[in-house]
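Visitor: Here is what each chain is made of, one letter per residue.
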Amino acid sequence: KQEVTQIPAALSVPEGENLVLNCSFTDSAIYNLQWFRQDPGKGLTSLLLIQSSQREQTSGRLNASLDKSSGRSTLYIAASQPGDSATYLCAVKGGGADGLTFGKGTHLIIQP
Amino acid sequence: SQTIHQWPATLVQPVGSPLSLECTVEGTSNPNLYWYRQAAGRGLQLLFYSVGIGQISSEVPQNLSASRPQDRQFILSSKKLLLSDSGFYLCAWRQTTSVTQYFGPGTRLTVL
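Sequence order for the protein chains is X and W. Numbering of the first sequence is given in the numbering used here, commencing with residue 1 and proceeding in unit increments. Numbering of the second sequence is given in the numbering used here, commencing with residue 113 and proceeding in unit increments.
Everything labelled a hint here was simulated from the structure, so no lab data went into it. Where hints are given, some of them may not hold.
Chain W is faced by these chain X residues, among others (derived, beta-carbon under 8 Å) [unchecked claim]:
id : residue
1  : Tyr31
2  : Gly41
3  : Lys42
4  : Gly43
5  : Leu44
6  : Ser46
7  : Leu49
8  : Leu89
9  : Ala97
10 : Asp98
11 : Gly99
12 : Leu100
13 : Gly103
14 : Lys104
15 : Gly105
16 : His107
The following residues of chain W were derived to be distant from chain X, with all beta-carbon distances above 12 Å [to be verified]:
id : residue
17 : Ser113
18 : Pro126
19 : Val127
20 : Gly128
21 : Val172
22 : Gln174
23 : Ile187
24 : Ser198
25 : Gln213
Think of the CB as a built atom: it goes at the ideal place given N, C-alpha and C, for glycine as much as any other residue.
Please work from the sequences and hints to get the whole structure.
Guide: Okay, structure coming up:
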């Protein structure tokens, strides 16, 4: 059974810093990996999707990498802003059920 | 453009009462539909998914059920709620030709 772990569970940094969120998964047989953002009490917003054949994806200040063989992904946020404060979720799509397996998320606070 | 709706946004129900949560998608046809639950201290968990009208796959044994009476309507139900059913319920959809899932705004369910 696929398990997804995100480290750290919570992170608080001053505005302007670059930061890295980590995600690991136990079964490397994945089709893709997605990073989502969740604001309090809200649904999920997809940030980046990396196919299993890809190594990284970039969108603005966000860069996600994937090392499928080692079961790891990182989300890099450059020049963090208070508006980046949210919970960031990592999810993988495996070969089983047609759904995603999620980590518990990293709760990020960017201090003004 | 496509949109996904969930209602109600918030619900407080007594133990043993029935439940009906609704999800509808606009602007697409024959989507894959999903129900996820986010319980306190746990990651998002896939509950049900559907690839077509009347086709439901259950991922987690529980006292919940799902139905898809129309192409773009997905309903989550229970005959008798338990305390452990409390959580944040998210509906999601994706095009069969795409890998990206899009999430609704969610329903916060509190069972007392």
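Visitor: Evaluate each hint against the coordinates.
Guide: Consistency of the hints with the structure:
no.	hint	result
1	Tyr31	holds (7 Å)
2	Gly41	holds (7 Å)
3	Lys42	holds (6 Å)
4	Gly43	holds (4 Å)
5	Leu44	holds (4 Å)
6	Ser46	holds (6 Å)
7	Leu49	holds (6 Å)
8	Leu89	holds (7 Å)
9	Ala97	holds (5 Å)
10	Asp98	holds (5 Å)
11	Gly99	holds (4 Å)
12	Leu100	holds (6 Å)
13	Gly103	holds (6 Å)
14	Lys104	holds (4 Å)
15	Gly105	holds (7 Å)
16	His107	violated (12 Å)
17	Ser113	holds (15 Å)
18	Pro126	holds (22 Å)
19	Val127	holds (23 Å)
20	Gly128	holds (26 Å)
21	Val172	violated (10 Å)
22	Gln174	holds (15 Å)
23	Ile187	holds (17 Å)
24	Ser198	holds (14 Å)
25	Gln213	violated (6 Å)
In this structure, the hints that do not hold are numbers 16, 21 and 25, in rising order.
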